[in-house]
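K.L.:
Could you build the full structure based on these sequences and the hints that come with them?
Just so you know, this note's numbering puts 48 at position 48 of the sequence shown, and the rest follows in order with no gaps.
Mixed in with the good hints there might be a few duds.
[Claimed, not checked] Below 16 Å or equal to it, Euclidean Cα-Cα: the simulated EDC-like pairs (lysine to aspartate or glutamate) are:
no.: 1; residue 1: K120; residue 2: D103
no.: 2; residue 1: K94; residue 2: E132
no.: 3; residue 1: K120; residue 2: E61
no.: 4; residue 1: K63; residue 2: E78
no.: 5; residue 1: K63; residue 2: E85
no.: 6; residue 1: K82; residue 2: E132
no.: 7; residue 1: K120; residue 2: E93
[What the hints assert, rightly or not] Computed spacing ranges between beta-carbons, pair by pair:
no.: 8; residue 1: Q97; residue 2: L70; range: 29 to 37 Å
no.: 9; residue 1: V134; residue 2: E78; range: 14 to 22 Å
no.: 10; residue 1: S100; residue 2: K63; range: 24 to 32 Å
no.: 11; residue 1: T76; residue 2: S111; range: 36 to 44 Å
no.: 12; residue 1: K69; residue 2: I109; range: 35 to 43 Å
no.: 13; residue 1: K82; residue 2: I109; range: 36 to 44 Å
no.: 14; residue 1: A74; residue 2: T102; range: 19 to 27 Å
no.: 15; residue 1: T112; residue 2: E132; range: 39 to 47 Å
no.: 16; residue 1: S86; residue 2: K120; range: 18 to 26 Å
no.: 17; residue 1: T76; residue 2: D110; range: 21 to 29 Å
In short, the hints are calculated from the structure, not lab data.
In this text the structure is predicted, and so the values were computed from the model without any measurement.
Beta carbons: idealized from backbone N, C-alpha and C, even for Gly.
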Amino acid sequence: MKTLSKFATTVAILSALTGCASTGGIDATTATNTAVNTIGTATNIGTAVFQTAVNQKCQSEIKSNQYYKLASLAMTSEQQTKITESVCGCVSEKAPQSVSLTDMATAAIDSTACTQIVTKAVSNTLQACVSEFVK
Numbered sequence: 001m002k003t004l005s006k007f008a009t010t011v012a013i014l015s016a017l018t019g020c021a022s023t024g025g026i027d028a029t030t031a032t033n034t035a036v037n038t039i040g041t042a043t044n045i046g047t048a049v050f051q052t053a054v055n056q057k058c059q060s061e062i063k064s065n066q067y068y069k070l071a072s073l074a075m076t077s078e079q080q081t082k083i084t085e086s087v088c089g090c091v092s093e094k095a096p097q098s099v100s101l102t103d104m105a106t107a108a109i110d111s112t113a114c115t116q117i118v119t120k121a122v123s124n125t126l127q128a129c130v131s132e133f134v135k
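P.N.:
Structure (structure tokens):
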């Protein structure tokens, strides 16, 4: 019974986070279906949806950064894509470790909190991932 309750809670969080993941233009239904097909547990699905939202925010942050804009003038579009995918892939991997389960539950209830929590996760991990990539 406890497992069923935990599963139901996780599904509720996943449903709410789907709205969070869709803020950057990616179809939330497609992202959720992909996650369901590739990840076996409800907890991992919630994490995958969170990571999608983090990836979208990361891409936006990098592309609006003045140093990236300047550096990108000397790069091909393939190089720009490789850099943003590498750095944001790292950020997406590390982001779930930078937020608590309480934050995840809050994000599920409050869309404003979701935006703030995703922003916090990106801020907490972006610099570390850029440093790893530059080495």
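K.L.:
Determine whether the Cβ-Cβ distance between S100 and K63 falls within the hinted range of 24 to 32 Å.
P.N.:
Holds, since S100 and K63 (Cβ atoms, about 29 Å apart) stay within the stated range.
K.L.:
For the pair supplied as a hint, K82 and E132, is the alpha-carbon distance within the 16 Å limit?
P.N.:
holds, 14 Å
K.L.:
Taking the Cβ atom of V134 and the Cβ atom of E78, is their distance within the range 14 to 22 Å?
P.N.:
holds, 19 Å
K.L.:
Does the Cβ-Cβ separation between K82 and I109 fall within 36 to 44 Å?
P.N.:
This hint holds: roughly 37 Å between Cβ atoms.
K.L.:
Does K120 pair with E93 here, judged by a C-alpha cut-off of 16 Å?
P.N.:
Holds - the C-alpha atoms of E93 and K120 are around 14 Å apart, at most 16 Å.
K.L.:
Taking the CB of Q97 and the CB of L70, does the distance hold inside 29 to 37 Å?
P.N.:
holds, 31 Å
K.L.:
Taking 35 to 43 Å as the stated bounds, is the beta-carbon spacing between K69 and I109 within them?
P.N.:
holds, 36 Å
K.L.:
Can the restraint linking K63 and E78 be considered satisfied, given a maximum Cα separation of 16 Å?
P.N.:
Cα-Cα ~14 Å, so holds.
K.L.:
State, for the Cβ atoms of T76 and D110, whether the hinted interval 21 to 29 Å holds or is violated.
P.N.:
The hint (21 to 29 Å, Cβ to Cβ) is violated, given that T76 and D110 are roughly 41 Å apart.
K.L.:
If you check the beta carbons of T76 and S111, does the distance land in 36 to 44 Å?
P.N.:
Since the Cβ atoms of T76 and S111 sit about 37 Å apart, the hinted range of 36 to 44 Å holds.
K.L.:
Taking 39 to 47 Å as the hint, is the beta-carbon distance of T112 and E132 inside that range?
P.N.:
This hint is violated: roughly 31 Å between Cβ atoms.
K.L.:
Given a hint of 19 to 27 Å, does the C-beta separation of A74 and T102 actually sit inside it?
P.N.:
Violated - the Cβ-Cβ distance for A74 and T102, about 44 Å, lies outside 19 to 27 Å.
Figure legend: structure checked against the earlier numbered hints; hints not met, in rising order: 14, 15, 17.
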